[in-house]
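Q: Based on the hints, put chain B in the right spot on chain A.
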Amino acid sequence: MDNSKILESYARVAGEDVMEHLKQLAAHLRGLKVVHVNSTREGGGVAEILRKLIPLKRALGLDTHWEVITGGQEFYQCTKSFHNALQGDRVMVSDTLLQAYEDTNAANAERLKPVLQDADVVFIHDPQPAPLIHFFPKRKGSWLWRCHIATNRPYRPIWKYLRNWVTRYDASIFSLPEFAQPLPHPQYLVPPSIDPLSDKNIALPAKEVAAVFEQFKLDPVKPLILQVSRFDRFKDPLGVVEAYRLAKNMVPLQLVLAGGGASDDPEGEIVLNEVRLAAKDDPDIHILLLPPDAHRTINALQRAADLVLQKSTREGFGLTVTEAMWKGKPVIGGDTGGIRLQVVNHHTGFLVSTPEGAALRIRYLLHHRDKLAKMGRTAKAFVKEYFLITRHLKEYLALTIILRMGGPDRIEVGM
Amino acid sequence: MDTGTGEQHPFLVRVCSLVALATGVRVQNLKEFREGLVRAPQSSIYHHFWGRLLMRQFDEPEYNNDFAAWASHGLHEKGLAERLSAINPTEFTDLEELRQELVEVVEMRLDETEMVPWAKADQQFQFIRSQIVVLDTGREICRPEDLTRVVPKMSNESIFYHFIDARRRTPDRVDDFSGWLIWMGEEYKETIERLKAIDPYFSSLKELREIISQLFNEFFGNRET
Chain A
1 MDNSKILESY ARVAGEDVME HLKQLAAHLR GLKVVHVNST REGGGVAEIL
51 RKLIPLKRAL GLDTHWEVIT GGQEFYQCTK SFHNALQGDR VMVSDTLLQA
101 YEDTNAANAE RLKPVLQDAD VVFIHDPQPA PLIHFFPKRK GSWLWRCHIA
151 TNRPYRPIWK YLRNWVTRYD ASIFSLPEFA QPLPHPQYLV PPSIDPLSDK
201 NIALPAKEVA AVFEQFKLDP VKPLILQVSR FDRFKDPLGV VEAYRLAKNM
251 VPLQLVLAGG GASDDPEGEI VLNEVRLAAK DDPDIHILLL PPDAHRTINA
301 LQRAADLVLQ KSTREGFGLT VTEAMWKGKP VIGGDTGGIR LQVVNHHTGF
351 LVSTPEGAAL RIRYLLHHRD KLAKMGRTAK AFVKEYFLIT RHLKEYLALT
401 IILRMGGPDR IEVGM
Chain B
1001 MDTGTGEQHP FLVRVCSLVA LATGVRVQNL KEFREGLVRA PQSSIYHHFW
1051 GRLLMRQFDE PEYNNDFAAW ASHGLHEKGL AERLSAINPT EFTDLEELRQ
1101 ELVEVVEMRL DETEMVPWAK ADQQFQFIRS QIVVLDTGRE ICRPEDLTRV
1151 VPKMSNESIF YHFIDARRRT PDRVDDFSGW LIWMGEEYKE TIERLKAIDP
1201 YFSSLKELRE IISQLFNEFF GNRET
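Residue numbers (this note's numbering), protein chains in the order written: chain A, 1 to 415; chain B, 1001 to 1225.
Among the hints, a few may not be true.
[Said to hold, decoys possible] Under the rule of at most 16 Å between Cα atoms (straight-line distance), these lysine to aspartate or glutamate pairs were calculated in the EDC-like manner:
hint : chain 1 : residue 1 : chain 2 : residue 2
1    : A       : K217      : A       : D118
2    : A       : K33       : A       : D95
3    : A       : K33       : A       : D118
4    : B       : K1206     : A       : E385
5    : B       : K1206     : A       : D17
6    : A       : K222      : A       : D282
7    : B       : K1153     : A       : E16
8    : B       : K1031     : B       : E1112
9    : A       : K52       : A       : E8
10   : B       : K1120     : A       : E178
11   : B       : K1153     : A       : D120
12   : A       : K23       : B       : E1032
13   : B       : K1153     : B       : E1062
14   : A       : K23       : A       : E42
15   : A       : K5        : A       : E16
16   : B       : K1078     : B       : E1062
17   : A       : K160      : A       : D95
18   : B       : K1031     : B       : D1136
19   : B       : K1196     : B       : E1112
20   : B       : K1206     : A       : E67
21   : A       : K23       : A       : D63
22   : A       : K280      : A       : D306
23   : B       : K1153     : A       : D118
24   : A       : K384      : A       : E16
What the hints contain is simulated information worked out from the structure, not anything from laboratory work. Here the structure is a predicted model, which is why all the values come from computation and not from measurement.
Next comes chain A alone, as it looks inside the complex (with noise of 0.2 Å):
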């Protein structure tokens, strides 16, 4: 797609006004060599935002470059281990671990130096590439540490580890105040977003979304709940089920749990197979493993769902909240995380600690459909003016020029 088109096709969805802005900021950056550094190019959060923020970047007339870095197994058993420990597991990785975690770091680093030595501004996404840093001493522009991770308890031996990477950055980047950590550098907070083009959020003819009803023999007349998940304790699927239940004594009713197919996540079995015994055999309860790029089908069980769950008990931000309030749909959201600071009671939905709580919920907006649509359309307006990626690209573009000039509190630009 060339450049105008681009512009064109986000100015039809997030508003003339934001990408006048996104342009009025950009022209700012012009002649600059912005380098994101990540890990994979397919799969994963990460790359899906870099993806399309990287062509946004462009089509604004933004020089900027996506690096990926590359390494053996090992690499990645070490990577993967961090991960979860920055989440709060308590994982041990092997000195062999960490040796060929920074040895890939330094065989890219050298492979990498035409291209990051001269950058004006770097974003290195993640842990994986953290320590690259290390080998540019003589780097000329600004680099900044992207961390995607929820880091509110993170497992403290291997973020003490990471911390003699990070500290070295001159900027780093959290989504969420909770996940910020004592550095001695600005610590930036810019929420995650979605991309409303993408599979999995772009609007869908009528037919394709009631094509799910078929293809996973639901009732197209009984009222449809839906919670998108991993099968993962936090995200309380056992709880959903006993929402379901209390519900359903007293309204029509059928839900789906959709998640990821058996993985090599010993845990996600146990949930699944414990869900599986909750569920019996009702036939209104319906249990669908996805592959990871189902986009289109999640997509459409979303706009298919009356409404949608997101039953946590602990969660980083819950994109799965902002794609369902991205379709309309209100949600009933576990009362943590960055689930607070979508779900507004009454409003866009509502919080809830306990089953009964979510049942109670969904039995009121089942039972008051006008309530329902107004609150997905208020969900819908607030994910378009704060969740969508071009208010992350926004944040990221005034950062630039932020650390570009110095950092004051207050910066005027071309007056």
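A: Chain B only, in chain A's frame:
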């Protein structure tokens, strides 16, 4: 604005972006909150009163600042929340004075209560600060009646800059529209009074844009008839 040469300055339309930063100050009870208010940088006091209006702010806020919202939802201290919400930040000459008032109100509550109110561990108050980038859009208004055409097209960020941020940044603590119209003649006095009467803390920026546009439409529309 009057340049002193008989010439009048156009109204320059600007736009701003706010970026939030963690301050590292987190508190969980009322005593810590008092300490946090004393320690937090000035830009954090700014953020929790003004910056929040441009950040992720729901359209129908219950309180006019984040401190009051936390007192209510985190500490379940409704009375304190009401007192904190009654603070009008534009009445203070600077952020230090505003900070002192916040500390006073919290101390008053600490004196009244025998138990220190606590929030749950996952409902701590995080002091945030923000940095602001202001840009010139290149658009300007030369005649007051052009406000009816330009204001409805202003972005949320422009409305924030000219109508809210201006109250902190200008010597007279007024919005930029009033600050400009005052130089354009006596005939705008009533409009300025009406602009001043708009409470900016309980409307979204979108709603504020509509209210201000309607005010200009009524004034300039009536003049034409």
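Q: Does each hint hold? Answer for all of them.
A: These are the hints, each one checked on the structure:
1. A:K217 <-> A:D118: violated (57 Å)
2. A:K33 <-> A:D95: This hinted pair is violated, its Cα atoms lying about 36 Å apart.
3. A:K33 <-> A:D118: holds (8 Å)
4. B:K1206 <-> A:E385: Given that 16 Å is the threshold and the Cα spacing comes to 10 Å, the pair holds.
5. B:K1206 <-> A:D17: holds (12 Å)
6. A:K222 <-> A:D282: Roughly 14 Å separates the two Cα atoms, so the pair holds.
7. B:K1153 <-> A:E16: holds (10 Å)
8. B:K1031 <-> B:E1112: holds (13 Å)
9. A:K52 <-> A:E8: holds (14 Å)
10. B:K1120 <-> A:E178: holds (14 Å)
11. B:K1153 <-> A:D120: Judged against 16 Å, a Cα distance of about 34 Å means the pair is violated.
12. A:K23 <-> B:E1032: Given that 16 Å is the threshold and the Cα spacing comes to 43 Å, the pair is violated.
13. B:K1153 <-> B:E1062: violated (28 Å)
14. A:K23 <-> A:E42: violated (28 Å)
15. A:K5 <-> A:E16: holds (13 Å)
16. B:K1078 <-> B:E1062: Cα-Cα ~12 Å, so holds.
17. A:K160 <-> A:D95: Since the Cα atoms of K160 of chain A and D95 of chain A sit roughly 15 Å apart, the hinted pair holds (cutoff 16 Å).
18. B:K1031 <-> B:D1136: Distance of about 43 Å is beyond 16 Å: violated.
19. B:K1196 <-> B:E1112: Not satisfied, since the Cα-Cα distance of roughly 36 Å exceeds 16 Å.
20. B:K1206 <-> A:E67: Violated: K1206 of chain B and E67 of chain A sit about 39 Å apart, past 16 Å.
21. A:K23 <-> A:D63: Within the cut-off at roughly 14 Å; holds.
22. A:K280 <-> A:D306: violated (23 Å)
23. B:K1153 <-> A:D118: violated (40 Å)
24. A:K384 <-> A:E16: Roughly 13 Å separates the two Cα atoms, so the pair holds.
Going through the hint list in order, the structure does not satisfy hints 1, 2, 11, 12, 13, 14, 18, 19, 20, 22, 23.
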